[in-house]
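K.L.:
The chain contents come next:
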Amino acid sequence: MENDVIHIDVSKTMFTANGTVTLAVSTTIRSGELVALFGPSGAGKTTLLRILAGLVTPDRGTVKVGQTVWFDSGNGINLAPQKRNLSLMFQDYALFPNMTVEQNIRFAQPENDRKYTEELLTVFELNEFRNRRPNGLSGGQKQRVALARALARKPGLLLLDEPLSALDAGMRITLQDEIVRAHRLSGATTLLVSHDLNEVFRLVSHVLCIENGRILREGNPSDVFSDRSISGKVQITGQIACIEKQDTVNIVTVISNGNQIIRVIAFDSDIENLSVGDQVIVFTKAFNPIISKIA
Amino acid sequence: MYFNMDSSFVQTLWITFKLATFTTLILFVAGLPVSYWLAHSRFRLKPVVEALISMPIVLPPSVIGYYMLVVYSPRNWLGNWLGQAFDIRLAFTFEGILIASVIFGLPFMIQPLHSGLRQLPDSLREASYTLGKSKSLTFFRVLLPNIKPSIITAIALTFAHCIGEFGIVLMVGGNMPGETRVASVAIYDEMQALNFDVANRYAIILFMVSLVLLTTIYSVNRKFDTWKMM
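For the record, the sequence lines run as chains A and B.
Position in the first sequence (first residue = 1) + 33 = our numbering.
Position in the second sequence (first residue = 1) + 2 = our numbering.
Treat the hints as calculated values from the structure; they're not laboratory data.
The following label-pair restraints were derived from C-beta to C-beta distances:
1. T49/A - I207/B: 56 to 66 Å
2. S43/B - D105/A: 23 to 33 Å
3. R120/B - V309/A: 33 to 43 Å
4. K278/A - S43/B: 52 to 62 Å
5. D124/B - A50/A: 15 to 25 Å
6. F94/B - A50/A: 58 to 68 Å
7. S43/B - I294/A: 48 to 58 Å
8. S59/A - K48/B: 30 to 40 Å
Covered, in the sense of this in silico footprint (three residues per stretch, anywhere, with C-beta under 8 Å from a C-beta of chain A), are these stretches of chain B:
9. 120–131
10. 141–149
From a predicted model like this one, the values you see are computed outputs, not experimental measurements.
Positions of the beta carbon are idealized from the N, C-alpha and C atoms, including for glycine.
Here chain B stands alone, though its shape is the one from the complex (with noise of 0.2 Å):
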């Protein structure tokens, strides 16, 4: 018995990180083409863009869960078409809850990217092409390692925010073992059993966690505050 909840806590945390893992490596991968469109596009329709972006931080994650889960629904011609041409099924699965993470993630990753990106000066870009040098080989060579703060900012940002999520996994992936069943979720589910002992050691790892991410972002700061520019 006693193993069989040990075996289940640590099937619940490897989720949790599995989740904040692969939203992270998604959310970099798209977020860094995004970040650098939204630093130097002139697209008059830029702000709804960033508005619709930071949604995720203003709403209650229950509405974007919401609209997840009549997305999913096989009714609907989205769910509809997964299901008959891939059989895949999104609603209460991982790759469900996936989506919907790396979507509710998307402000944490692009936010500081995006603020890096344009405090560069424009000068470092314009020498580089000025220089010959492509556009992607200025991103990779020049830009990006100049907002390396603004990166590490983002990534622990990103990673600590989905390991923290709590109400979006809850609507669009509910509380199956296995599956679905991330740390935090699992607190309120024991707390709810009277297991307190189980939901404190989630609890506690959880807060860890989230301590060590956010002191290493603000000890990175720190250290390139001192590393100014020019």
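Isolated chain A (complex conformation) (with noise of 0.2 Å):
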């Protein structure tokens, strides 16, 4: 199994909504690590994976893996997905409408191996739907065949695009565990792109945040997302909702990423820089986090 430090190193004009946004990402993921791609939409999180996967060339630069490079412009390399050791996992899974949940898994491997193949059934809950055809099964349960499918090729590199966008709160957070198991069960390198702030501290050891097109700070998530400058002991990070206007202060209303509603006073002075849809912490300083038990 190939299971080797990958060296990023590579820019990408892309054309998004906004215009024209140059990737330029620089930065090595080491051999085996859990790592998440946290950013906007627009930020290019999915096309840096597709780069990786070889799906989309980039203008300029390298990828090596290990020993092997998989791009490299200056010596006009680039590997063909089929020659990439990885599998990637899609937003809307992709799975093969014409394949049984079985056969969906059969395909990815390279060789017949009816073991393993037995193996991550049971491991995913797949067994009673085995022979029933992706159209038939729940978002939660295509994201599992997706999955184990993505792991039947045995990967030395596993991709995930937003692998839980599309479900409800409840589901994300079982499906959330899926993919620890996926990756303790494989061992492979993961790079998992989410905008969930959630399922970052839930899941990965190592973030790379990117906005338009560049990694502006990377490590562990508590340090990555944590104001240390902040002596807060109660911090919830979300998003702002609304800012309104009543008499001579604002009331900003911010979703919690545990999908709380948050409404905090803000001064006119406060709220110069935050516009709707901005991440913030909401913290309180030591003394007035009051605590009430629910009746």
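From the two separate chains plus the hints, produce the assembled complex.
P.N.:
Put into structure tokens, the structure is as follows:
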């Protein structure tokens, strides 16, 4: 199994809804790690994943996995997707509608490996659906089939493109565990695209924050996302849903990553650089959180 | 006398269905790679290719028939070369009308296949590639099985259209019994000879065959309508 450090140093001009953005990424991903690519849509997360998979050709740069060069614009090397030892799980799962669950998994194997097929069907609790076709499955079941299929070829690199975005909150939690399980089972270096902070915190040990095509910060999620200058005890991260002006103050509504609605009072000076859609931290200083028992 | 007419009736129908079957077979084999190319190529002159393929839909058969005859003529290089090198004569022969009807049937085969392939999400193809599967394996195991309704439509439409073809066969093939005389031409011929009875028999058969084929297309498409991709 090819399972080596990945060196990425690529640039690519992307044409997005907000005009052209240059993706310029240079990073190293350690072997066997579970890493998240985090950032707003249009930042270049999916493009980076597709570059690794060989589905998008960068304008210039190199992609090296261990000693194997996957892409090198200088030397004209560009391995076809088929020659790269990876699996990509698509956002829409891309299950083959003409095949049953079991056939989808077996199709992905380079050689027929009945034992491993059975293992995957069991681990992902797909035994009772094995003869069903994908269009007869729920979103969560499809996601499990897609994960099982991605593991079936025993890839050295597992790429997951917003695997949970199509699911409701409850289902997400369950399936986050499936991803961790998939990562452990395969031992593959795993790259997960996400714009859900909760997911990032729960799943990964390393996160790359991408914005406008560049990696702004990277590291451990709690280091990357918590502002250490705040001596707060309670910190909730979320996204601004709306800002309303009421008399002399503003009411900022924040939807937390746990889907709670939080209303915060802010003065004009506080909201100067805030706008709807921003990721924010709501925090309190030491004394004012009030604890109360739920009757 | 009666027996004679009957055997020529059977012979004409035989040529009609032989022409339609060969045309459909040739077009299916040729149409698959062309449709795949059309669905995925980024060639800049692709619209020109698409327009050329669709020409038979808008052009009168007599126009294409005329050009085919010009090309087939021994006075031109292709017709001359075929005659000299292989002793092949295309004007007023079965081979001649077969080539003409293949060209004339192109859009009826290619358009359904092309639109079927284009409607498949790209991720299916890409998923198969990233699972290490070659382009041809992906085509036969993933893409084709998922455009079954389009394949059935393309085949039935091409076959039905070929049976109904009149102008181009008449232009290129004439009306030679046992060689190029097909049912649609025979109806016209029998009408002119006031043999309404024979014309009627041809007409009923063509009507029924076309009805059955089109009903097949519509019922297949209805069945697959509920069979959504994702």
